[in-house]
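All chains should be built: construct the whole structure from the sequences, respecting the hints.
The sequence shown begins at 1 in UniProt numbering and counts up by one.
Hints in this document: simulated from the structure, not taken from any laboratory.
Among the hints, a few may not be true.
Cross-link-like lysine-lysine pairs, in silico, BS3-like; alpha carbons within 30 Å at most [stated by the list, open to error]:
1. K72 <-> K321
2. K334 <-> K321
3. K319 <-> K205
4. K321 <-> K68
5. K325 <-> K72
6. K548 <-> K598
7. K489 <-> K500
8. K500 <-> K591
9. K68 <-> K500
10. K500 <-> K72
11. K489 <-> K68
In this text the structure is predicted, and so the values were computed from the model without any measurement.
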Amino acid sequence: MDEVDVEHVRVLHRGSLRYAEGKHRDGALRPQLCHSNRYGVTIVVIPNGLGVVRSTTLDAAANASVEKMDSKMDADVNLVVDATLQFPTTPLQVALSPSERLVAVAMACSVAIYDIADLLENANAAESRACALGSDIHVVDVSWCASLDDDKFLAVLTSDQSFHILDSQARTLCRHSSLRATSLSWCSTGRPLLAVGDIAGDVHKLHFTGESFQSMQTLIDPNKPVNASVHHLHWAEENLLLAGYKMGSFDAVEISGCLFDHDCAIALDAVVDFFPSETRDHAFFSCYLAPWRTFIVGCSVSPDLELVVHDPESQTWQKWKPDEKYTPRLPMAKDDEETFPMGLCLHLNASDSDAASVFPRILCASMDGLLLNFALVDLTLDEPIDFLVATESLPRKQQQPVSSITAADNSEQERKEEVESHEDAANRQNLPVSTATNAADIGIPASHFEACLWIWINDFHDMLQKTFELKTGENPAVEPIAMTRRIEKAVDSMRSVLDKTAHDMQTLVQDQISTERTIESISTMKTQQPQDELDDGPLDKRALDTHKALASSMETISRLCESVDFHSKALAVQNAATEASCPSLLFRLLKANYERTKRQHLRLCRLDAQFHPIQPTQKPPAIFPSSAFQDEDGARRQLKEQLTKWTDAAVTPRQISSQI
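Quick look at the structure:
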């Protein structure tokens with residue numbers, strides 16, 4: 001997009017109004033400001049609440065600031081708000097309805113809808129229609145659907161990348177989660193068309209039928225950063241849409257913008273030049289002046305505001321750059337540091353007290369608690385601007401039986417005590433914003449509504465306790481309740497068993513994969529045996545020893561592979577759904593075998609150590625001398641020879657006697 005220096009357009013600083021002390025929202029990334037041009041009411045987020053200001057009060061403070069500025073004095077003027085609505089925490093975002101009678105307030109996990117007339121008339125009695133989205137999700141963005149001056153639908157984007165559609169009574173009509181949504185914006189022409197940006201960087205145009213969505217078209221910016229998501233959408237006209245893209249966060253962020261004019265993508269680069277911050281993320285803020293076809297765009301990490309204008313002469317979109325003196329830029333803070341915007345809106349209410357008020361004004365909420373006024377002046381205009389409007393009176397809200405909740409069974413005294421207790425608790429948690437808000441009506445949102453709701457909750461709890469204490473035989477009507485409780489317990493038990501089974505199956509698959517990788521590695525070592533180039537030639541002693549050592553290692557690995565294969569096949573765990581082996585049992589068995597072998601070895605060592613001292617030190621004496629043992633055959637032969645001698649010789653008595 002071309003940047004054009006212009007001299008006939010000026011942005012004048014027309015007031016600096018302080019509505020809060022210090023940097024109360026350093027990390028605000030959603031609009032903290034909205035203005036009703038029809039009724040002349042400005043709503044701004046203050047610490048732990050909302051500030052509601054009438055147009056007359058705003059103009060008076062702005063004129064006082066301009067007078068101080070002309071007198072070379074500090075231009076900051078305390079803004080006395082007309083009504084203050086307090087919350088336990090600071091709201092994340094405010095959004096004005098198409099009829100400009102309702103305001104949606106986004107908290108962390110809920111969205112509340114208030115009637116502006118109630119806030120100005122009596123903040124203490126302001127009722128809200130609230131929708132709690134759950135404790136595990138957070139509100140990211142809200143957007144109203146403009147449908148023939150009727151507050152029909154409210155889209156709420158949540159942190160789980162889904163969006164809910166609510167009606168004006170904060171009742172959920174449907175929830176859409178098929179798109180991983182990151183931003184959204186309703187069409188400003190009144191048709192029920194919703195633009196949704198997703199995490200992939202696509203912009204989807206959807207048609208809401210009242211119960212569901214129908215996809216119409218998808219817009220793609222070919223120049224966006226790779227893997228960038230859509231983090232800002234502004235559907236200004238039926239065929240005109242501003243989109244912002246972001247990749248990364250904080251100091252590693254990459255930003256680009258695109259303008260879809262009749263489905264033609266016009267690259268805007270970063271739209272607003274900025275320096276990345278380590279503590280503050282990037283977010284776009286924009287407003288659209290339809291009669292002049294002008295976008296005013298700011299970002300959360302730059303004090304500059306940019307004018308993206310459709311040039312009537314060239315019929316092209318350009319970025320207009322006024323003279324440096326008249327460039328829209330947020331002034332420096334008191335500590336000489338830059339301040340950044342937290343919301344932009346148009347102020348189109350005419351005022352005769354200030355010459356610059358005959359031109360459209362831009363309201364900008366800064367993070368140091370200032371509400372800045374800028375007048376967008378075109379020096380070429382000679383005729384009065386016809387789109388500046390006078391304010392109307394806010395109509396009184398009609399009572400709707402759907403949103404009114406009463407406690408007819410409780411006395412008036414009990415309700416008053418409950419209301420007072422809630423108000424006291426809220427007042428203890430919230431302090432006044434500044435001395436400028438002392439004249440305002442401090443109100444607790446929906447105190448009577450909360451008191452009645454808590455009474456209903458306690459009564460319902462008591463009824464449930466009494467119902468559960470009854471026996472099934474005493475009251476047949478309790479039988480379905482008891483059966484329902486048993487079914488709920490059975491379902492919870494089955495869910496826990498299913499979760500445990502899924503966890504075990506996941507562990508089993510991971511162990512199987514690990515074992516297969518181990519076996520594959522060992523098999524690879526087995527098949528790739530080292531080949532010695534000297535097998536056929538003579539080997540010296542060193543090479544021969546190396547070859548033998550490698551062969552021994554390969555034999556060990558082969559035995560290990562056989563053992564692992566055997567145990568893998570033997571310890572296969574059969575399951576009802578799958579027949580996957582359980583490698584954890586295999587290694588458990590191998591470990592047990594190792595431990596058992598180790599214990600046996602240690603036991604043998606202990607026995608050897610115990611029996612070693614009692615062993616004899618000398619050899620025992622032989623029972624028979626070695627010389628007494630002779631060959632049995634030889635002894636028998638000698639005996640025969642002796643007997644033969646005795647039998648061959650004749651023995652006579654004479655001889656015997658003679659010998660004697």
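Verification of the supplied hints:
Between the alpha carbons of K72 and K321 the distance comes to roughly 27 Å, so the proposed pair stays at or under 30 Å and holds. Under the criterion of a C-alpha separation no larger than 30 Å, the hint pairing K334 with K321 is consistent with the structure, at around 27 Å. For the hint linking K319 to K205, the alpha-carbon distance of about 26 Å falls within 30 Å, and the restraint holds. Under the criterion of a C-alpha separation no larger than 30 Å, the hint pairing K321 with K68 is consistent with the structure, at around 28 Å.
Between K325 and K72 the alpha-carbon distance is near 17 Å, which keeps this suggested pair within the 30 Å criterion. Of the supplied pair hints, the one linking K548 and K598 holds, its CA atoms being roughly 29 Å apart against a limit of 30 Å. Distance restraint check for K489 and K500: the Cα-Cα separation of roughly 16 Å lies within the 30 Å cut-off, and the hinted pair is therefore satisfied. Proposed proximity of K500 and K591 is supported: the alpha carbons are some 26 Å apart, at most 30 Å.
A hinted pair counts as satisfied when its Cα atoms are at most 30 Å apart, and K68 with K500 does not qualify at roughly 71 Å. Among the hinted pairs, K500 with K72 is inconsistent with the structure: their alpha-carbon atoms are about 73 Å apart, more than 30 Å. Among the hinted pairs, K489 with K68 is inconsistent with the structure: their alpha-carbon atoms are about 71 Å apart, more than 30 Å.
Hint check: violations occur at hints 9, 10, 11; the rest are consistent with the structure.
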